[in-house]
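Starting from the given sequences, assemble the full structure and let the hints guide the process.
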Amino acid sequence: MAIKVMIVDDSAVVRQVMLDTLSKASDIVVIGSAPDPIFAREKMQKEWPDVIVLDIEMPRMDGLTFLKQIMIERPTPVVICSSLTEKGAEITMQALSAGALAIITKPSLGIRDFIQDSASDLLHAIRAASMARMQRPRSSPRALSPASPSSQSSPAGSVMQERMSSPKLSADAILQAAGNNTSIQTTQKIIAIGTSTAGTQALESILPELPKTSPGIVIVQHMPEKFTATFAARLNSLSQIEVREAKSNDRILPGLALIAPGGKHMLVKRNGTQYHVDVIDGPLVSRHRPSVDVLFRSVANAAGRNAVGFILTGMGDDGAKGLKELHETGARTYAQDEASCVVFGMPKEAIKLEATDEIIALERIPEVISKLSNR
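Residues 1 to 375 in full-length UniProt numbering are what the sequence shown lists, from first letter to last.
The set of hints was computed from the structure by calculation and includes no laboratory data. Quick reminder that beta carbons are idealized off the backbone N, C-alpha and C, glycines included. One thing to keep in mind: the hints can contain errors.
[As the list claims (entries may be wrong)] Label-pair distances were calculated between CB atoms; the ranges are:
1. Gly330 <-> Asp10: 48 to 56 Å
2. Ser11 <-> Asn249: 35 to 43 Å
3. Asp357 <-> Ser11: 43 to 51 Å
4. Glu338 <-> Gln240: 44 to 52 Å
5. Gly282 <-> Lys371: 33 to 41 Å
6. Gly282 <-> Glu367: 18 to 26 Å
7. Asp281 <-> Arg60: 41 to 49 Å
8. Leu19 <-> Ser370: 42 to 50 Å
In structure tokens:
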């Protein structure tokens, strides 16, 4: 059955190009488009969509207000179409916290070419959103304290063009597996987390619950560049531990969580008894950059049995093979259970590969990590 989509954007050009793009997909049907949420609401009373593609800044009612109303009235998967600006990043983080599932970025110029180039990402986001098990989002415990997003970025649309034209590569494209590492001379624990669709909400329910004595944490959350710094700042404002966007040579320390920058791979390396991260360019792996598979393999190589891996909600299979490699080195590995996943894709693939020691509810993860700080 086709996925019913409603497009809400004040730009007639954006609406038309999205309509043209989505009409080429046999599994998607656009049931309507509207220049603002007021018009959208009128159309949705006649036929409710499976997925809403929503702009943020619009006349009469902004997208964030509309999103919050929808999540109270009838929770529906929403894909945010956001501008590549600091203000856009800050508001988009609020939208993700309020229940939106994914971000599609748009520049201020060249909209038609950009959306055509990013067709693969748009289709992927809509298909992932359509699989979501929606719930009313919980309220955030503290206010947002945004920070400026990273200034390092590649030209808009370049990642989407790669995704459309490149073959699906494994982590071999970035680094080789080292096998069982029996020479590791440290007992310092590292927590590695990989997630995608709805992972922002999952991480917001985990990190604020952790004590300052928690082991060092490295995270890949599939997210466009320019948004990860703002997301990290949000988590930092909510948490006892420090959370920040990773930079090359950052040490992995207790009480610190490092989030891979959008558009970059993050690798863990060891120098003696100390761990640090490298943030690098490179091809898409499992059609993503950052890739969970790359992170997990690097953690397997550097930390082996001293690591603990978690694969959380998300569509696709990025991270499944990497978690298997972690598992085979003696690391303790977990997959989020289906009942607590918004999209049971990445964990399901890891479970199929027998890559997990335990399948765990989201609400139990903070307790598991907190116990490691006492060892």
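How the hints compare with the structure:
1. Gly330 <-> Asp10: 48 to 56 Å: holds (54 Å)
2. Ser11 <-> Asn249: 35 to 43 Å: holds (42 Å)
3. Asp357 <-> Ser11: 43 to 51 Å: holds (49 Å)
4. Glu338 <-> Gln240: 44 to 52 Å: The hinted range 44 to 52 Å is violated for Glu338 and Gln240, with Cβ atoms some 30 Å apart.
5. Gly282 <-> Lys371: 33 to 41 Å: Holds, at about 35 Å.
6. Gly282 <-> Glu367: 18 to 26 Å: violated (35 Å)
7. Asp281 <-> Arg60: 41 to 49 Å: holds (42 Å)
8. Leu19 <-> Ser370: 42 to 50 Å: holds (48 Å)
Comparing the model with each numbered hint stated earlier shows that hints 4, 6 do not hold.
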